[in-house]
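Sequence order for the protein chains is A and B.
Numbers 1 to 255, taken from the numbering used here, label the letters of the first sequence in order.
Numbers 1 to 374, taken from the numbering used here, label the letters of the second sequence in order.
Keep in mind the hints are simulated off the structure, nothing from the lab.
Ideal Cβ positions, reconstructed from N, Cα and C, are used throughout, including at glycine.
Honestly, I wouldn't trust all of these hints.
Negatives, chain B to chain A, calculated, CB over 12 Å [to be verified]:
1) ARG18
2) GLU43
3) SER197
4) LEU323
Here are the computed lysine-lysine pairs in the DSSO-like style, where the Cα-Cα straight-line distance is at most 30 Å [stated by the list, open to error]:
5) A:LYS187 - B:LYS68
6) B:LYS68 - B:LYS51
7) A:LYS187 - A:LYS10
8) B:LYS68 - B:LYS22
9) A:LYS187 - B:LYS51
10) B:LYS22 - A:LYS187
11) B:LYS22 - A:LYS79
12) B:LYS51 - B:LYS22
13) A:LYS79 - A:LYS30
14) A:LYS30 - A:LYS187
15) A:LYS79 - A:LYS10
16) A:LYS187 - A:LYS19
17) B:LYS337 - A:LYS30
18) A:LYS30 - A:LYS10
Letter by letter, the chains look like this.
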Amino acid sequence: MMDEPVVEVKGLVTRLGGKTIHRGIDLSVKRGEIYAIVGGSGSGKTVLLREMIMLLEPHQGSIRVLGHLLSQVTPREGKWLRSRWGVLFQFGGLISSLTVAQNVALPLLEFTSIPRELIDELVSIKLSLANFPLDWACVMPNELSGGMKKRAALARALALDPEILFLDEPTSGLDPVAAAHFDRTIKELRDLLGLTVVLVTHDLDTIESIVDRMVILMEGEVLVEGDPREVARFPHPWVQDYFHRRKGERDWRGR
Amino acid sequence: MMQDSPSLHLSRSQSTLRAVLKGRWCMENIPSLHRALEGIEGEEGLEIVVKGGDLEALDTGGAYLLMKHTRQWMERGARVTLRDFREDHRRLLDLLTQTPEVRVCTRPVSPNPFYQLGRWAHALARDILAFMAFLGEATLTASSLLLKPSRVPWQEILYEMEEAGSKAIPIVTLVAILAGVVIAYQGALQLKRFGASIFIVDLLAISMAREMAPLLTAIMVAGRSGSAYTAQIGTMKVNEEIDALRTLGISPMETLVIPKVGALIVVLPLLILLADLVGIGGGMVISRQALGITFHDFIFRLQEALPLGSFLIGIAKGPIFALPLGLISCFRGFQVKGSAEEVGRYTTMSVVNTIFAVIAIDAILSVILGNMGL
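Whenever a hint applies, use it, and build me the whole structure from the sequences.
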């Protein structure tokens with residue numbers, strides 16, 4: 001049970017609007033690791049993530065999450081699975097007619113029968129786990145900055161203590177300091193709660209500081225999968241460009 | 001899926017209570033665990049030993065519940081020790097002891113009615129002031145365009161005329177015919193009893209030309225075009241398109257508001273004329289069916305029944321309604337800020353406001369014109 005991959009993708013083919021996005025993707029995510037999906041714009045990273053969380057269906061191939069084949073889950077199993085993962089959308093996906101606290105309470109009200117007073121306290125715990133300042137808990141989402149929205153959305157993703165956390169570009173649109181802080185929060189949560197984290201990212205800082213394993217998608221296929229340090233040595237112009245940018249920056253910083 | 005039900009085994013010897021935790025202390029089991037823990041009364045001098053070595057799983061929900069009750073027992077004077085917890089569980093418990101026990105309210109609060117009244121009045125006053133400013137800006141832009149006719153955005157005006165005018169023809173026709181049918185039919189039933197059947201023409205012509213056609217057309221246009229204006233400008237506001245226009249030195253007032261309002265002023269009287277024709281036409285058909293008045297008699301009577309004044313007043317209501325209708329719906333669009341949700345809210349407000357404005361102006365006109373003897 002523990003050695004079985006948490007997410008396993010095999011032979012995945014996706015076509016959207018007449019274009020083939022994925023032509024046979026295989027990858028697997030192990031329990032407890034932080035796994036990054038990387039690739040140029042339009043390489044189908046977000047589509048892949050959306051297929052893992054049952055928002056899109058692939059044309060061919062299989063996706064297993066927590067041992068369940070997604071193409072064959074019953075509605076009941078689907079509901080259970082959805083309570084076992086938390087999703088952080090790129091722009092938060094907070095419900096705009098509810099306050100931040102109500103957003104975080106939403107999954108708790110939907111999936112559990114916890115008494116209301118306890119929910120109120122749990123919500124404040126989740127918000128503080130995600131480093132969201134509690135004085136802002138009763139504010140409407142459209143009054144929040146991008147960084148605050150992400151933290152609120154992270155708190156909502158954590159609401160049910162999921163086993164897997166799916167993050168779509170968690171640090172995009174954040175300033176470098178806030179991004180580093182967000183990365184640290186995710187790593188702490190992984191260590192503390194034993195989460196498995198699957199994230200789509202462009203951010204080299206994230207990859208360097210918290211990612212255990214990563215995959216690079218290129219033209220609908222897996223270019224390379226592995227430890228970030230191994231991947232960085234992979235002899236492919238795009239990969240070298242991608243990681244090299246960083247080295248230049250570091251030299252400049254050391255001067 | 002491990003579904004071992006969580007449990008709490010209690011054994012008491014003199015002043016020591018041993019609580020052994022087993023199973024999965026997780027979110028989904030909170031309600032039952034909460035009840036079980038509430039059964040423990042922490043009393044003065046009691047020593048509570050909580051053993052967590054056999055726990056299968058502990059998540060923030062379970063840990064939070066345990067710490068919450070621990071805190072309560074200690075407040076009542078009991079001594080609590082936690083033993084044998086796994087390293088990761090202990091860290092989780094430590095973390096939750098550090099976070100203060102705060103309750104954020106997730107229930108919708110209904111504010112006090114005086115507060116709501118004050119808020120409403122404040123919002124109304126602010127809206128009125130903002131609308132005055134908008135009106136001023138629109139007037140300035142319009143008069144500067146009058147001085148420089150070459151700058152008038154003819155192309156946009158024509159486009160808006162097509163959108164609000166030509167494309168509204170089918171629905172305005174349909175609604176006007178139905179209104180004519182309804183008036184003629186109801187009138188026929190009453191007039192027949194008095195043997196004054198021919199007066200159906202007077203009834204139909206005056207009510208249609210003077211009141212029904214202008215009012216119905218304006219309401220249709222408010223629902224069709226007014227709401228579209230608010231939604232369009234509101235969406236542009238959310239997408240920062242309005243800001244982009246401003247930075248490019250293009251006045252949104254000139255490119256968005258003037259063409260829309262201008263087009264409505266031209267198009268609404270034309271639509272009213274159409275509604276007059278088809279509405280009276282619809283009534284004419286019903287008159288023949290229900291009262292046996294021939295088309296010839298109807299049209300002959302119509303020439304006497306409908307004074308030119310009433311007809312012209314009906315047409316003149318077009319521009320009079322078009323101006324507030326266009327201005328209010330554009331104004332509501334500019335008020336949108338922040339999220340897409342606001343667009344929907346302001347569009348609703350815009351439709352309610354414009355229809356109210358149209359009916360209120362119509363009522364005022366009726367009183368004024370009535371007193372003038374027109």
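Self-check item: Pairwise hint evaluation, A:LYS79 against B:LYS22, where the allowed Cα distance is 30 Å at most
Solution: Measuring from Cα to Cα gives roughly 26 Å; hence the hint holds.
Quiz prompt | Pairwise hint evaluation, B:LYS51 against A:LYS187, where the allowed Cα distance is 30 Å at most | solution = holds, 29 Å
Quiz prompt | Pair hint outcome, A:LYS187 versus A:LYS19 [Cα-Cα no greater than 30 Å] | solution = violated, 36 Å
Self-check item: Closest CB of chain A to the CB of B:ARG18 still more than 12 Å away
Solution: Holds, because the least Cβ-Cβ distance between B:ARG18 and chain A comes to about 25 Å, which exceeds 12 Å.
Quiz item: Does B:LYS22 lie within 30 Å of B:LYS68 when you go C-alpha to C-alpha?
Solution: It holds: about 18 Å lies between the C-alpha atoms, which stays within 30 Å.
Self-check item: Given hint B:LYS68 paired with A:LYS187 - CA-CA distance at most 30 Å
Solution: Status holds; Cα separation ~26 Å.
Quiz item: Does the structure keep B:LYS68 and B:LYS51 at a Cα separation of 30 Å or less?
Solution: holds, 16 Å
Quiz prompt | Given as non-interface: B:LEU323, which should sit over 12 Å from chain A by C-beta | solution = holds, 33 Å
Quiz item: Hey, B:LYS51 versus B:LYS22, does the alpha-carbon distance stay inside 30 Å?
Solution: holds, 9 Å
Quiz item: B:LYS337 and A:LYS30: Cα distance at most 30 Å?
Solution: Given that 30 Å is the threshold and the Cα spacing comes to 44 Å, the pair is violated.
Quiz item: Given the hinted pair A:LYS79 and A:LYS10, is their alpha-carbon gap at most 30 Å?
Solution: holds, 23 Å
Self-check item: Proposed proximity, A:LYS187 with B:LYS22 (alpha carbon, max 30 Å)
Solution: holds, 28 Å
The earlier numbered hints that this structure contradicts are 16, 17.
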